[in-house]
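Residue strings, one per chain:
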Amino acid sequence: MVRCLWLLPLFATLLLLSSCSKKSATLTLLVWEGYADPSFVHSFEEQEHCKVSASYMGNSDELVAKLRGGSAGNYDVISPSSDVATSIAAGELAAPLDLSRIPTYNQLSPQLTSLPLVRVNGKVFGVPFMWGPNPMIYDTTAFAKPPESWAVLWDPKLRGKISAWDDLSTVYMAAQILGFDKPDPSQLYNLSDEQLDAVKKKLVELKPNIRKMWSTGGELTNLFQNHEIVAAMGWPLMTNQLRKINFPVGETIPKENTTGWIDHLMITAGSENKDLAYKFLEYMVNAGTQKKVTDVTGYTPANPQAAQFMTADGVKNLHLDDVDNYQKHIYFWQNVPRRAKYNEIWNEVKAAQ
Amino acid sequence: MFSRSYRAAITLPPLLWVTVFLLVPYAIVFFYSFWSVSPGQAIVHSWTLNNYCELLRVGVYLQTLFRSMWIAARVMILSLLLGYPLAYHLSFHAGKRKELFYQLVIIPLWVSYLVRAYAWKTILGSDGVLNTLLQYVHLTSHPWNFLLYSPFAVVLTLTHIYTPFAFLPIYASLEHIPRDLVEASNDLGAPPLQTFWRVILPLSIPGVVAGATFAFVLSLGDFLAPLLLGGPSGIMISNIVVSLFGAAYNWPLGAAISFCMLLLVVGLLFLSERLERKWAFR
Numbered sequence: 001m002v003r004c005l006w007l008l009p010l011f012a013t014l015l016l017l018s019s020c021s022k023k024s025a026t027l028t029l030l031v032w033e034g035y036a037d038p039s040f041v042h043s044f045e046e047q048e049h050c051k052v053s054a055s056y057m058g059n060s061d062e063l064v065a066k067l068r069g070g071s072a073g074n075y076d077v078i079s080p081s082s083d084v085a086t087s088i089a090a091g092e093l094a095a096p097l098d099l100s101r102i103p104t105y106n107q108l109s110p111q112l113t114s115l116p117l118v119r120v121n122g123k124v125f126g127v128p129f130m131w132g133p134n135p136m137i138y139d140t141t142a143f144a145k146p147p148e149s150w151a152v153l154w155d156p157k158l159r160g161k162i163s164a165w166d167d168l169s170t171v172y173m174a175a176q177i178l179g180f181d182k183p184d185p186s187q188l189y190n191l192s193d194e195q196l197d198a199v200k201k202k203l204v205e206l207k208p209n210i211r212k213m214w215s216t217g218g219e220l221t222n223l224f225q226n227h228e229i230v231a232a233m234g235w236p237l238m239t240n241q242l243r244k245i246n247f248p249v250g251e252t253i254p255k256e257n258t259t260g261w262i263d264h265l266m267i268t269a270g271s272e273n274k275d276l277a278y279k280f281l282e283y284m285v286n287a288g289t290q291k292k293v294t295d296v297t298g299y300t301p302a303n304p305q306a307a308q309f310m311t312a313d314g315v316k317n318l319h320l321d322d323v324d325n326y327q328k329h330i331y332f333w334q335n336v337p338r339r340a341k342y343n344e345i346w347n348e349v350k351a352a353q
Numbered sequence: 001m002f003s004r005s006y007r008a009a010i011t012l013p014p015l016l017w018v019t020v021f022l023l024v025p026y027a028i029v030f031f032y033s034f035w036s037v038s039p040g041q042a043i044v045h046s047w048t049l050n051n052y053c054e055l056l057r058v059g060v061y062l063q064t065l066f067r068s069m070w071i072a073a074r075v076m077i078l079s080l081l082l083g084y085p086l087a088y089h090l091s092f093h094a095g096k097r098k099e100l101f102y103q104l105v106i107i108p109l110w111v112s113y114l115v116r117a118y119a120w121k122t123i124l125g126s127d128g129v130l131n132t133l134l135q136y137v138h139l140t141s142h143p144w145n146f147l148l149y150s151p152f153a154v155v156l157t158l159t160h161i162y163t164p165f166a167f168l169p170i171y172a173s174l175e176h177i178p179r180d181l182v183e184a185s186n187d188l189g190a191p192p193l194q195t196f197w198r199v200i201l202p203l204s205i206p207g208v209v210a211g212a213t214f215a216f217v218l219s220l221g222d223f224l225a226p227l228l229l230g231g232p233s234g235i236m237i238s239n240i241v242v243s244l245f246g247a248a249y250n251w252p253l254g255a256a257i258s259f260c261m262l263l264l265v266v267g268l269l270f271l272s273e274r275l276e277r278k279w280a281f282r
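Residue numbers (the numbering used here), protein chains in the order written: chain A, 1 to 353; chain B, 1 to 282.
Bear in mind the hints are in silico, worked out from the structure with no lab data behind them. Because the structure is a prediction, the values reported are computed rather than measured. The reader is advised that the hints may include incorrect statements.
Quick list of in silico lysine-lysine cross-link-like pairs, DSS-like style, CA-CA up to 30 angstroms [to be verified]:
(1) Lys157(A) x Lys121(B)
(2) Lys328(A) x Lys182(A)
(3) Lys244(A) x Lys255(A)
(4) Lys51(A) x Lys291(A)
(5) Lys121(B) x Lys66(A)
(6) Lys123(A) x Lys279(A)
(7) Lys51(A) x Lys279(A)
(8) Lys244(A) x Lys121(B)
(9) Lys98(B) x Lys207(A)
(10) Lys328(A) x Lys201(A)
(11) Lys207(A) x Lys157(A)
(12) Lys201(A) x Lys157(A)
Input sequences plus hints: build the corresponding full structure.
Written as structure tokens, this is what we have:
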């Protein structure tokens with residue numbers, strides 16, 4: 001035993017060395033699922049001789065809570081959506097960007113870069129990355145033609161056959177069915193107490209139909225795959241994943257329209273790898289990478305030049321030929337001033353019998 | 001006997017451990033439960049009882065707590081019903097195979113909780129092993145949906161996971177019963193059932209109480225089983241705490257609920273300690 005003691009310092013030194021060398025070249029992401037796929041992250045790793053390690057978030061609140069809860073220093077790059085981007089920028093959780101270090105920024109769609117979402121005190125905190133809707137995803141063997149309205153989710157015939165996203169988007173969706181988005185869609189993000197009560201009632205009525213709430217993309221894909229459910233609100237990512245395994249899946253935006261999001265890439269204020277993070281941002285918005293991200297996720301790229309790598313059908317599927325009209329059907333998430341109240345309502349819905 | 005420095009050396013590490021990893025965190029939780037969150041989502045360090053009022057005002061929290069207790073009670077009863085006969089058989093009738101059976105009960109504890117929860121998912125799902133079998137033998141024409149994503153699935157999984165925890169203390173207390181007492185009872189003409197009822201069971205009560213406490217307390221605070229296998233209405237109190245800390249960023253309210261849970265659990269442990277002592281073998 002004692003004879004081996006000289007090994008201990010050696011071992012400790014090795015441990016220290018390995019942790020140091022690792023730390024200097026690892027870029028840590030906290031992003032939505034699909035944003036760290038090996039199909040595009042791998043070549044960045046080779047190019048920069050670094051390692052990219054990603055964690056995924058289930059909803060926007062989780063991201064904010066993690067950043068505020070003191071883990072901001074553990075992540076270098078985050079991908080907040082339009083609902084929390086402003087508060088993250090204003091709360092100094094992200095670092096202001098030096099746009100001269102991201103040359104491709106000028107190629108990005110002016111409709112996105114001109115938005116006030118990530119601008120605070122004249123500084124820019126984020127780079128638009130991808131955008132898309134929260135469409136209805138359905139099993140085509142259960143629906144002969146695309147469902148026309150979100151109301152089908154309440155159909156008594158679908159008892160125990162649907163899933164709901166464990167996220168405030170489900171609250172917005174119920175508000176849309178109740179018509180609270182008329183005449184002004186931004187009302188969805190600023191509902192009154194009476195309206196929230198009505199939404200709660202409506203969602204409690206939905207509960208007998210819910211088989212399981214989903215909180216990660218992989219979970220929803222699995223629920224479809226195992227024939228637990230036939231319809232749900234999801235992301236184009238799941239439609240893409242299900243198509244790849246030849247599952248009979250359809251995707252539609254019902255007549256009430258739907259909510260959607262604009263995701264930005266940001267560098268956290270506490271990041272110790274800012275140089276690498278800047279390179280990553282530049283890499284992620286260049287046209288070639290954007291095309292690859294689209295292939296994985298089915299989301300619309302923020303860099304319109306990605307279209308040059310796509311087929312005519314691909315461009316049409318992403319509505320890149322008709323962006324203005326398509327965006328009329330999507331109410332992009334906005335900052336919710338009374339987010340705590342919304343969360344309370346949602347918790348009550350979840351706990352209701 | 002032992003030098004003072006020796007005694008200090010052996011008591012200090014555990015004392016330090018308890019202070020740093022138990023008492024200090026609990027104190028932090030306790031302080032947080034009297035703070036609040038500003039509309040701008042910053043934690044305000046001024047004292048208020050609002051969180052505890054909120055607990056009583058919003059019915060969800062108490063309702064969910066009671067539902068969690070009800071689930072934990074069912075798990076406790078089922079674990080005892082499964083664990084006691086198993087322990088009894090092992091202690092009195094297994095003979096040479098005692099060691100083997102004992103290991104068989106322990107081995108599942110080596111398998112990760114998550115793996116076991118996912119295993120139940122594949123067994124109980126609509127396309128799962130059980131439903132496929134039931135349809136194959138024409139017991140039913142549609143899959144039984146109540147099997148998965150339901151309170152049933154949660155109780156079943158928790159029972160599976162916590163039965164060994166109920167089994168172990170019962171087995172230990174049965175092993176400690178002097179066999180002379182059982183033989184004396186038999187020699188005096190008591191039938192086996194009476195021996196069990198009048199001698200073995202009363203002497204094993206401390207083990208039963210300890211096992212019941214384990215099963216109840218551990219399942220009361222569980223959040224993974226309801227998250228993975230519970231239905232849309234199956235959340236338990238820990239899921240609410242997780243969402244208050246994680247999603248809602250309302251640490252003070254989450255801390256208030258946690259502190260109430262802590263009081264409840266400490267109360268239960270105290271009670272079970274008293275019961276064990278009352279029934280202890282004298």
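Do the hints match the structure? See the list:
no. : hint                  : verdict
1   : Lys157(A) x Lys121(B) : 24 angstroms, holds
2   : Lys328(A) x Lys182(A) : 13 angstroms, holds
3   : Lys244(A) x Lys255(A) : 27 angstroms, holds
4   : Lys51(A) x Lys291(A)  : 22 angstroms, holds
5   : Lys121(B) x Lys66(A)  : 29 angstroms, holds
6   : Lys123(A) x Lys279(A) : 19 angstroms, holds
7   : Lys51(A) x Lys279(A)  : 13 angstroms, holds
8   : Lys244(A) x Lys121(B) : 24 angstroms, holds
9   : Lys98(B) x Lys207(A)  : 49 angstroms, violated
10  : Lys328(A) x Lys201(A) : 28 angstroms, holds
11  : Lys207(A) x Lys157(A) : 13 angstroms, holds
12  : Lys201(A) x Lys157(A) : 20 angstroms, holds
In terms of the numbered hints stated before, the structure departs from hint 9 and from no other.
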